[in-house]
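Asker: The primary structure of each chain is shown beneath.
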Amino acid sequence: MNHNTPIAVTGIGCLCAAGQNLEQCMDSLFAGRQPSAPPTRFSSSHPVRYPVFEIPDAFTFIGNDKKSEILRTARLAVTAAGEALRDAGWSRAMMQAKRMGVCIGTTVGSAMNNEGFYRDLRRGRHPQMNAVTRFLNSNPAQVIAREFGLTGPCQTVVNACSSGTDAIGLGAFWIRSGICDAVVAGGADELCRVTYNGFISLMIADESLCRPFDAHRKGLNLGEGAAVLVLESEELCRARKQPARARALSYGAACDAYHLTAPAPDGSGLKQALSAALTASKKTAADIGFINAHGTGTPDNDRVESKVLHEMLPGVPFLSTKGYTGHTLGAAGAIEAAFTVACLEAQKIPPSAGFTTLDPELPWPPVQHETDLNGSLAISQSLAFGGNNAVLVFGKGDT
Amino acid sequence: MEEYKKMNTNAKLKDIIIEELNLEDLTPEEIDDDAPLFGEGLGLDSLDAVELVVQVQKHFGVEIKNMEEGRFAFRSINSLGDFIEERIAA
Amino acid sequence: MAKEIHDMRTAIRGIGTVGGFGCGADKLHQALVSGQSTPKKIRVKANGREIDMPVFLCDTTALAGFVDKRALRRVDHYSSMAVLGSYLALEDAGMLQNNRQRLAVVIATGYGPTRTTFSFLDSMLADGDTCASPTLFSNSVHNAAAAHVSILLKASGPNLTVSQFELSVPSALLSACQWLEDRQIDAVLFGGVDEYSDVLGYSWQRFFGSTQNTCIEPLNWGLQSAIAGEGSAFFLLTRNDGDQPKYGFITDIQTSHIANGGPDIAGEAVLFLGADGHKLCGPLYSHHISEGTHAASYTPLYGSFPVNTAFDMAIAALSLKENKIFATPGCRPNKSGLRISHIEQDLESKSIACLKFGCNGEFGMVMLAAE
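The listed protein sequences derive, respectively, from chains A, B and C.
In terms of our numbering, the numbers along the first sequence are unbroken and rise by one, the last being 399.
In terms of our numbering, the numbers along the second sequence are unbroken and rise by one, the last being 1090.
In terms of our numbering, the numbers along the third sequence are unbroken and rise by one, the last being 2371.
By construction, these hints were calculated from the structure, which means they are not laboratory data.
All C-beta atoms, glycine included, are put in the ideal place defined by N, C-alpha and C.
Check before you lean on any hint, since a few could be wrong.
[Stated by the list, open to error] Listed next, the in silico DSSO-like pairs over lysine-lysine satisfying Cα-Cα at most 30 Å (straight line):
#, chain 1, residue 1, chain 2, residue 2
1, A, Lys271, C, Lys2154
2, B, Lys1012, A, Lys307
3, A, Lys283, A, Lys396
4, C, Lys2154, A, Lys307
5, A, Lys348, A, Lys282
6, A, Lys282, C, Lys2154
7, C, Lys2069, B, Lys1012
8, C, Lys2069, B, Lys1058
9, C, Lys2069, A, Lys283
10, B, Lys1065, A, Lys218
11, A, Lys307, B, Lys1065
[Stated by the list, open to error] Restraint-style ranges between C-beta atoms, simulated for each label pair:
#, chain 1, residue 1, chain 2, residue 2, range
12, A, Glu361, C, Thr2038, 56 to 64 Å
13, B, Glu1040, A, Arg119, 41 to 49 Å
14, C, Asn2098, A, Asn130, 42 to 50 Å
15, B, Glu1068, C, Gly2065, 36 to 44 Å
16, B, Glu1040, C, Ala2062, 27 to 35 Å
17, C, Ala2266, A, Arg119, 45 to 53 Å
18, B, Glu1086, A, Glu361, 26 to 34 Å
19, B, Glu1040, C, Gln2030, 55 to 63 Å
Chain A on its own, in the form it takes in the complex (with noise of 0.2 Å):
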């Protein structure tokens, strides 16, 4: 195999606050839902209470560690992984049989930030040590690995708001270098008091819904939730005789060394990104039948981006679904992957939720309708907070 060998996509789970798998996400997106609503998980001192996309409480775990000794991030993880290899077709005896890694992106569900427990012991109390307990236990791709009992590579992936379209794109790499027959690649984040006060501070959080690309945009939504990908040899998918939903065809990343929190005006690196992801994939921009887009809500993001992509992929059409889900953080990237295997099976994307009004700044407006797709490639993007920038180019598969 080399570089820009197709991966199959044979099976996909996805859970956030659209739905409590793929295919309620999807029927949500096209029925244009944004279910958004202060936490209600926590509360913050911040006179405003800005929305976020929950997930609801009762969603359904799968797993054998028990509820309270594992967090929120990994179950979520777990579950989404549970549904992927569901819809793929593989059973437990098969995954043990066969070498199957796990690369999953995260951002929260690396953070040991308990407050109860810092709280005790910054007033000197003797706080209980289970909540560190919990954390060392509770390492996304580590948590997949032992509940499935998966025995390839294993990796966690804290690239802040592309971690899931890298972790898509490293572990489809581990599968053409040959360590691997397949993996389950994706990413997921719980809402977090501690997360959503850091993003307050930064001053790029809407108090109402987010309007990505819009020319009144004011920043982001957050939002909690995970999605996975199986992905696999073509040769191993022939042989189990399980239709690919897509093909992961090539992954460009680079960053644009230029700030901590700001993207570079220029979007150099984006550019360099999308580059090397149509390189290897051996396509041009005409290929291209849309762009799932990283599409915040931010100012910054939102003009660097839409440039960017005006610049190199000029007339195809583009959306941002993350007016549906909210910004879920290491989950992003992979909820979007799914969303855009999905768009294709369908041969259609839903309008870019938020957007009314084009900003003068901005070149091109997003998707304003339900827009039939001409082509059978897409383009998955993020980024990301330290600069990083990630593409996925997938292509249609056998569904």
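Could you slot chains B and C onto chain A? The hints should help.
Answerer: Then chains B and C, alone, in the frame of chain A:
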């Protein structure tokens, strides 16, 4: 907060900028009251701007609601000092 | 078992280390030759009393030799160690002046920037949610170190940070080698970084109690003798260009779990053990390594933290360069059943395997060879 009450607002702001934005190589005397804080002048950036919003909240109890307000207030030490004193008096 | 990565050797062209022994390969070398490295003492309050806990702490003042102080004003201790390790590795490789558009940055960290994570919580708990510090928040994301390295070096290749406790290094290294194989980039700055924090010290006291030992006894499997540490170890890696790189090659990376069988140890390799005095992990080494295996352990020189495999790799690189095995430092006779060198000797085997077990039975092994 106690030790700051005696100093005037501009002097307090300079101390906060040096201390909280980690500009330890600067002295208060080197910060011109009328020089731009962002871009040229002190050369602060977008992350400094939001940090300054939080520091103003913490040390003066004055809220800067968004970056339009921030851009206006942050033109210089003098403009920020005036902004704060107006809000406190109101 | 993991397959070899297409037999592609990854060349090691430069190393940069910052640890309790000091800063730079020279200081590491001195510690290896002398067998001496002394931890500092940090006061920790836990279990109703105060004790002085030994910790291998790092000093990053040498960073001023590479970067203007003003440019470092938002770079915390965690990121400073990473930035310093990166500059040292680039300098050692003679590549400080090279264009860095096709340089990737890949970092492994067990726990991330823990001091800043808790400083951010301090800012909320002390003065309320509206006073949460955005600067501390943005530095508390695990990829902040890689971001600072990229920004200061203007390295615009891909960035990757991996965090999964004791297996962070082999996992991240696999991706670093694969980025090179993919050919979107020509060189990778790869490193491991972990920092000590007060919360870590407190947690150690609660989990392990205070021990009386003054040095780690990695081969005394049943003894809790770990001493906390911190540091960064960075490498400048490229594809195998057909020449003989300064420090040899990374030839294989294995990651697995004992449930699927123990590590596949090539008979002739010398084993560098990442055992660092935690009695929960000690038996994993003794059960899965045959008696008489030629082994060494250098954790007494730099301390106990999740990414110590990167330090063992740096020592392996020095060993390959000088064609010798440095003496394993230690304060008691060896009862491990392994063939341990307490004096410096020639490296007969030409290959070294750096092995680390995590307490849940997962393990990672990085193989290095001269050719």
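Asker: Are the hints correct? Go through all of them and say.
Answerer: Hint check results:
Taken as a hint, the A:Lys271 and C:Lys2154 pair is honoured in the structure, with Cα atoms around 16 Å apart against an allowance of 30 Å. Only pairs whose Cα atoms come within 30 Å are accepted, and B:Lys1012 paired with A:Lys307 is rejected, the gap being roughly 42 Å. A C-alpha spacing of about 14 Å is found between A:Lys283 and A:Lys396, which places the hinted pair at or below 30 Å, so the restraint holds. Between the alpha carbons of C:Lys2154 and A:Lys307 the distance comes to roughly 22 Å, so the proposed pair stays at or under 30 Å and holds.
Distance hint between A:Lys348 and A:Lys282 is fulfilled; the C-alpha atoms sit about 24 Å from each other, no more than 30 Å. For the proposed pair A:Lys282 and C:Lys2154, the alpha carbon gap of about 28 Å is at most 30 Å, so the pair holds. Of the pairs offered as hints, the one joining C:Lys2069 and B:Lys1012 holds, with about 24 Å between alpha carbons and a cut-off of 30 Å not exceeded. Using a Cα cut-off of 30 Å, the hinted pair C:Lys2069 and B:Lys1058 holds, with the two alpha carbons roughly 27 Å apart.
About 45 Å separates the Cα atoms of C:Lys2069 and A:Lys283, which puts this hinted pair outside 30 Å; it is violated. Taking the CA atoms of B:Lys1065 and A:Lys218, the gap is near 12 Å; set against the 30 Å cutoff, the hint holds. In summary, the hint linking A:Lys307 to B:Lys1065 is supported, as the alpha carbons are separated by about 28 Å, within the 30 Å threshold. Checking the proposed 56 to 64 Å range against A:Glu361 and C:Thr2038 shows it holds: the Cβ atoms sit about 59 Å from each other.
Checked against the hint of 41 to 49 Å, the pair B:Glu1040 and A:Arg119 passes, with Cβ atoms roughly 43 Å apart. The hinted range of 42 to 50 Å is satisfied by C:Asn2098 and A:Asn130, whose Cβ atoms lie roughly 49 Å apart. Our hint of 36 to 44 Å for B:Glu1068 and C:Gly2065 holds, since their Cβ atoms are close to 42 Å apart. Taking the beta carbon of each, B:Glu1040 and C:Ala2062 are about 32 Å apart, inside 27 to 35 Å as hinted.
Range check, C:Ala2266 to A:Arg119: Cβ separation about 50 Å, and the 45 to 53 Å hint holds. The hinted window of 26 to 34 Å between B:Glu1086 and A:Glu361 holds, with their beta carbons roughly 32 Å apart. Between B:Glu1040 and C:Gln2030 the beta carbon distance is about 47 Å. The supplied range of 55 to 63 Å is therefore violated.
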